Amino acid sequence: MTAFLIRRLIQGVVVLVISTAIIYFVLTLIPGGPLTGFRAPGAKISPGQVNRLGYLMGINDLQGHPYPWYSRYFNWLFTPGKKGGIDVTIAGVRIFGAGLLTGDTGRSITYATGQGVTDLIGERLPFTLILMVTSLIVSLIIALPVGIISAVKQYSRLDYSITLLTFFGISMPTFWFGWMLIILFAYYFQQWGWPHLPPSLAFDPGMESDIPNRLLHLVMPVTVLSLIQVAGWSRFLRSSMLEVLRLDYVRTAWAKGLKQRIVILRHALRNALIPLITVISLSIPGLFGGAIITESIFSYPGMGSLFYNALGAYDWPIVMAFLLISSVLIISANILADVLYAVADPRIRYS
Amino acid sequence: MATTSTTLDADRLAPAEPGQLTVTWRRFRKHKLALMGLFTLIVLTLLCVTAPLFMPYKPDTLDLTQTFAPASAQHWLGTDDLGRDLLTRLLFAGQISLSVGIACTAIVIVIGTLVGMIAGYFGGWIDTLLMRIVDLLLAIPFFPLLLVLSQMLSQYLDSFTTIVIVLSVFGWLGICRLVRGQILSLRNLDFVEATRALGASNSRIMFNHMLPNSLAPIIVAATLAVGDFIISESALSFLGYGIKTPRATWGNMLSDVNNYFLQHPLLAFYPGLLILITVVSINFMGDALRDALDPRLKM
Numbered sequence: 001m002t003a004f005l006i007r008r009l010i011q012g013v014v015v016l017v018i019s020t021a022i023i024y025f026v027l028t029l030i031p032g033g034p035l036t037g038f039r040a041p042g043a044k045i046s047p048g049q050v051n052r053l054g055y056l057m058g059i060n061d062l063q064g065h066p067y068p069w070y071s072r073y074f075n076w077l078f079t080p081g082k083k084g085g086i087d088v089t090i091a092g093v094r095i096f097g098a099g100l101l102t103g104d105t106g107r108s109i110t111y112a113t114g115q116g117v118t119d120l121i122g123e124r125l126p127f128t129l130i131l132m133v134t135s136l137i138v139s140l141i142i143a144l145p146v147g148i149i150s151a152v153k154q155y156s157r158l159d160y161s162i163t164l165l166t167f168f169g170i171s172m173p174t175f176w177f178g179w180m181l182i183i184l185f186a187y188y189f190q191q192w193g194w195p196h197l198p199p200s201l202a203f204d205p206g207m208e209s210d211i212p213n214r215l216l217h218l219v220m221p222v223t224v225l226s227l228i229q230v231a232g233w234s235r236f237l238r239s240s241m242l243e244v245l246r247l248d249y250v251r252t253a254w255a256k257g258l259k260q261r262i263v264i265l266r267h268a269l270r271n272a273l274i275p276l277i278t279v280i281s282l283s284i285p286g287l288f289g290g291a292i293i294t295e296s297i298f299s300y301p302g303m304g305s306l307f308y309n310a311l312g313a314y315d316w317p318i319v320m321a322f323l324l325i326s327s328v329l330i331i332s333a334n335i336l337a338d339v340l341y342a343v344a345d346p347r348i349r350y351s
Numbered sequence: 001m002a003t004t005s006t007t008l009d010a011d012r013l014a015p016a017e018p019g020q021l022t023v024t025w026r027r028f029r030k031h032k033l034a035l036m037g038l039f040t041l042i043v044l045t046l047l048c049v050t051a052p053l054f055m056p057y058k059p060d061t062l063d064l065t066q067t068f069a070p071a072s073a074q075h076w077l078g079t080d081d082l083g084r085d086l087l088t089r090l091l092f093a094g095q096i097s098l099s100v101g102i103a104c105t106a107i108v109i110v111i112g113t114l115v116g117m118i119a120g121y122f123g124g125w126i127d128t129l130l131m132r133i134v135d136l137l138l139a140i141p142f143f144p145l146l147l148v149l150s151q152m153l154s155q156y157l158d159s160f161t162t163i164v165i166v167l168s169v170f171g172w173l174g175i176c177r178l179v180r181g182q183i184l185s186l187r188n189l190d191f192v193e194a195t196r197a198l199g200a201s202n203s204r205i206m207f208n209h210m211l212p213n214s215l216a217p218i219i220v221a222a223t224l225a226v227g228d229f230i231i232s233e234s235a236l237s238f239l240g241y242g243i244k245t246p247r248a249t250w251g252n253m254l255s256d257v258n259n260y261f262l263q264h265p266l267l268a269f270y271p272g273l274l275i276l277i278t279v280v281s282i283n284f285m286g287d288a289l290r291d292a293l294d295p296r297l298k299m
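Quick mapping for you: the protein sequence lines, in order, are chains A and B.
Mapping the first sequence onto my numbering, position 317 (from 1) lands on 317, and the numbers just tick up by one.
Mapping the second sequence onto my numbering, position 209 (from 1) lands on 209, and the numbers just tick up by one.
One chain only, chain B, in its complex shape (with noise of 0.2 Å):
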């Protein structure tokens, strides 16, 4: 007989269905490297933020009576050729190079986003255009032009900015394949039809409800960008042409020892230590995820 009652009772004795944050971080939990990852680059993260509140120096104080000064209990890790203080400079470069790393990875992640969408819903003429400019630019050597147009553009805009757009430049080709090779499994799906015929308008599939089912490998590739372009940028900065000296990065404070760094290779050790920890942490953050939010696995 139809029952008036609102809820079935079957409803009421069932337990409730984790949610979906919940269940892939239980399965993220699982991955003991990235959990160590995680944790490292929260650490991290937290003091270089915070360095300017505690650090009792700044990364520009100069103090020439204590040059190369060993590690000790006022300079915990020493001092560089200016006697300024390493651990400072180390916390305050790391500001520099995360926020680059995520200010280049939000815009990369929206271009690409949006450029894959439109190649794999439109399909037709503008895939065949879109693809074939992505295909172009990932035939010239990327890195090269990198530092060309970094040359070129610091010229006028100040070196932050400078790198950032440098980086985004070439970043989002990548993401942008992989949008498009998702879109172009959903589009032949029942639902986007279904979708379709109830009246929905191109866009509103589009972004209601082909991206949040593409969302995982984008956050897969959002993660693992990071570290990606925390190298690109140290690297960019140790050849000259990214952030300039005397503004601390991982990648400057190597190449300002460059003339020294046989006599005192302990400066040259830690910014690059630094920069292998936190991109190996991202990277097996990004590892977990992927299996985390992988589809296919059953729990």
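Pulled out of the complex, with its shape left as it was, chain A reads as follows (with noise of 0.2 Å):
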């Protein structure tokens, strides 16, 4: 088990300075690159400027002669010589400079100018981190016992409405489901007089601390972002109880004359929940995306609307810190979702 640990995080290693890579090649090495938008014909920005900017991120030396692909890469992860970061002297060799690798994102150009790219994520990702988990937990517990009551009954109306349901929800476009809610109940409701929900921010003002009043203010957000979620999940857990139920180890249980829900809870449902695991771990990618537009939409102050704010800003660093630790989080999910699948199914672990 710990070999399998040791490997899966070596794997996941490797797979981050990969995908990080790509991420940096792609963002800079698409025609035009990253500073195209201040070069757009109308922009406020003259040349000069532009490439002071590029030179400050390390794009271009001060004329605008972009550096070579592979020493803008190494720049990016390590810059010799620049300040904030580490200052050591291993073995007569002085290293001294800051970069990626020393936890350097930059600093915001258009957005927050000057503002640390670190503090600004920083003082966000809590908020998306919450929201990012409620829903993954409000939509487990929500999709378990659907998909399990679904499978066991059946062909029965609850699993023809259910069915219907789950139909509607993955098809549902998430944003014009958050407007609609908006809409409902917290415009309506308070027009109507009657208790409503927030419709956007994650806390009242001044009232920070006051747990109540933040999950009131999730409520809506998490329902948005779990919806597809729970219908999706509910489906497929519904199909793979139907497969674990017919075979013989199931009949078996019955046969024995082992209570309904020992059968379907101890035996079935753990065999059942093995794939899903692999369903959840491929659907967390998505709810970065899912975050974004949902935050966007419930002004929610998270790090999915600081990315779209800084993207229609033009700002870079800003956009290249949010890629990079939505990866990092991508990954250690996936390799978490790898440890609980080999937890829960001993076969791979000896594979």
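Worth flagging that the hints you see were computed from the coordinates, not collected in a lab.
There's no promise every hint is true.
[Claimed, not checked] Listed next, with one range per pair, are the computed distances between beta-carbon atoms:
1. B:110 / A:252: 46 to 52 Å
2. A:187 / B:18: 54 to 60 Å
3. A:251 / B:30: 25 to 31 Å
4. B:72 / A:187: 22 to 28 Å
5. A:126 / B:208: 56 to 62 Å
6. B:260 / A:262: 52 to 58 Å
7. B:82 / A:52: 50 to 56 Å
8. A:212 / B:81: 47 to 53 Å
9. B:30 / A:282: 53 to 59 Å
10. B:189 / A:119: 58 to 64 Å
11. A:184 / B:82: 23 to 29 Å
12. B:260 / A:312: 18 to 24 Å
13. B:16 / A:184: 55 to 61 Å
[What the hints assert, rightly or not] Derived DSSO-like pairs (lysine-lysine); straight-line CA-CA distance at most 27 Å:
14. A:153 / A:259
15. B:244 / B:58
16. B:30 / A:153
17. A:153 / B:32
18. A:256 / A:153
19. B:32 / A:44
These numbers come from a predicted model, not from an experiment.
We put the beta carbon where it would ideally sit given N, CA and C, even for glycine.
Join the two chains into one complex using the hints; note that each chain is given alone, in its own frame.
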């Protein structure tokens, strides 16, 4: 098990390095590169300033001649001589500089000029994590019983209604759903004098540590973010359970006279859950896209809305940092899912 | 005694076997929801495609005297903030959403099937390399990257081409895995060995034998992919990185009403409703196709 874990961690690091390299090259090598928005006709920024911007970002020198791609990449990882990183002397060799490897993700150019990107993202990351983790947990809590009941009572009216609802769930455009929720639960409820849900932000001003208030603000964003997952996972769990329930060992359990609940929960469900782990880990990258949309609609102060606003302002350090952090989170989630899979299915551990 | 007739009498007496298309259609017909979905889609597509012929308004005809008009005999669904007829805009928007969906699906099916076939058939280091690439691309946060790519490419290309390219970049990964799985399960069957013994070339085996046998899941995946791409296109357009206004698409019709959707909720209701109806119909059809094409079910 430990060997498996170590192997998986090393694989994860390799994947992380390669995918961050891919992200970097996609962003900087696409024709035009990250400064295209500034060079567009109508941009109120002079070519000299664009060059200087590029110099600060490590893309070109002060005259505007771009550096070769490999030195740009290595400068991004570690720029010797840049302040704010590390300054150590190992075996008589002085290592002095900063870069991605020392945690320097640059400074914001246009969105919040001059502010460190790490700080900007740092103050928003907890909000996004709360949103995502809550929606994952809520999705699981709802999808598990729905999938099980749907499978056990196959072809019943309940099963058909659930199937219908899940179809609508996976076909729903989330941004529209969010707006419909806001219109109904925030706007109309307020007009009718009923207690209503807050349509934006994470907490009312001044009530930052008030947990019930935060939870109220989370209700609608989490609902929007979880809808597709609940629909997809419960459908998958239903078909997975149906397959497992037909197998011989389940029939043996029935024949032995075990109670229905034990057969379903302790025998069938455990085995039906295993492929669900893969499905869940595959839906995590989609969660970041959903978070961007959801946070923008609900003005939720998370990383997603920061990314969206920064992209509109052509603020590449923030954009890059968001992509990096999401990659790290996704890869960590994949490793976690693999470990869970190995824990759940002993066949994987010993292969 | 050996006969000299070319057909046996028993053949003439047995009823003709229905062709595969007929069998599939009969099984498909049993799913009522899918039939409704098919009907809805046909009606919607016909309306959207023929809209320029019968609608009295154009999608960008402004009428500033009639902004936010409620439903009336002149404007069946009312008008938007610039007095443009809502129904016309919805139908023209449908043209774009549907064509983006179909175009992306076509590209993605071709790429995904080719890569999947090559990976599955040749195996070895080709397979490992291609699958590692696919796994890598699946670990990247694709949606933010789509936004960035769209912003970059839209400097050079028109928004329709941009969005088709951007959506296709990541869309082929699922099909690739699917096809590879099919090929892997077919590779060891006897008929492949027999074909090879008869001297067939690799490409002949792949395209003439394995591909037709893998068509069922590809067809299902293609159907479902159209729905996925319609939703992705509306999401990108909603955020402003897809088709740009004033050219209407259901996504950007939604973002257009951003400032006043609370006062005029219907303007936000219709475009999203159409997306929902279209994609639900597609999903019903795809699910029914999956059942209808399943070779394991016996009629």
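Cross-check of the supplied hints:
Taking 46 to 52 Å as the suggested C-beta distance range, the pair residue 110 of chain B and residue 252 of chain A conforms, at roughly 47 Å. For residue 187 of chain A and residue 18 of chain B, the Cβ-Cβ distance of about 56 Å falls inside the hinted range of 54 to 60 Å, so the restraint holds. The beta-carbon spacing between residue 251 of chain A and residue 30 of chain B, approximately 29 Å, falls within the hinted interval of 25 to 31 Å. Distance hint check: the CB atoms of residue 72 of chain B and residue 187 of chain A are about 25 Å apart, consistent with the given range 22 to 28 Å.
A C-beta distance of roughly 57 Å is found between residue 126 of chain A and residue 208 of chain B, which places it inside the suggested range of 56 to 62 Å. For the hinted restraint 52 to 58 Å between residue 260 of chain B and residue 262 of chain A, the CB-CB distance of approximately 57 Å keeps it satisfied. Between residue 82 of chain B and residue 52 of chain A the Cβ separation comes to about 41 Å, which falls outside the hinted range of 50 to 56 Å. Between residue 212 of chain A and residue 81 of chain B the Cβ separation comes to about 38 Å, which falls outside the hinted range of 47 to 53 Å.
Take residue 30 of chain B and residue 282 of chain A: their Cβ atoms lie about 31 Å apart, and the range 53 to 59 Å is violated. One distance hint, 58 to 64 Å for the beta-carbon pair residue 189 of chain B and residue 119 of chain A, holds here, with the actual separation near 60 Å. Checking the proposed 23 to 29 Å range against residue 184 of chain A and residue 82 of chain B shows it holds: the Cβ atoms sit about 27 Å from each other. Range check, residue 260 of chain B to residue 312 of chain A: about 21 Å between beta-carbon atoms, so the 18 to 24 Å window is met.
For the pair residue 16 of chain B and residue 184 of chain A, the supplied restraint of 55 to 61 Å holds, since their beta-carbon distance comes to about 57 Å. With a CA separation close to 16 Å, the supplied pair residue 153 of chain A and residue 259 of chain A stays within the 27 Å bound. For the proposed pair residue 244 of chain B and residue 58 of chain B, the alpha carbon gap of about 17 Å is at most 27 Å, so the pair holds. With a C-alpha separation of about 21 Å, the suggested pair residue 30 of chain B and residue 153 of chain A falls inside the 27 Å cut-off, and the hint holds.
A C-alpha spacing of about 21 Å is found between residue 153 of chain A and residue 32 of chain B, which places the hinted pair at or below 27 Å, so the restraint holds. At roughly 21 Å between alpha-carbon atoms, residue 256 of chain A and residue 153 of chain A fall within 27 Å of each other, so this suggested pair holds. A C-alpha spacing of about 59 Å is found between residue 32 of chain B and residue 44 of chain A, which places the hinted pair above 27 Å, so the restraint is violated.
Violation of the numbered hints given earlier is confined to hints 7, 8, 9, 19; the remaining hints are satisfied by the structure.
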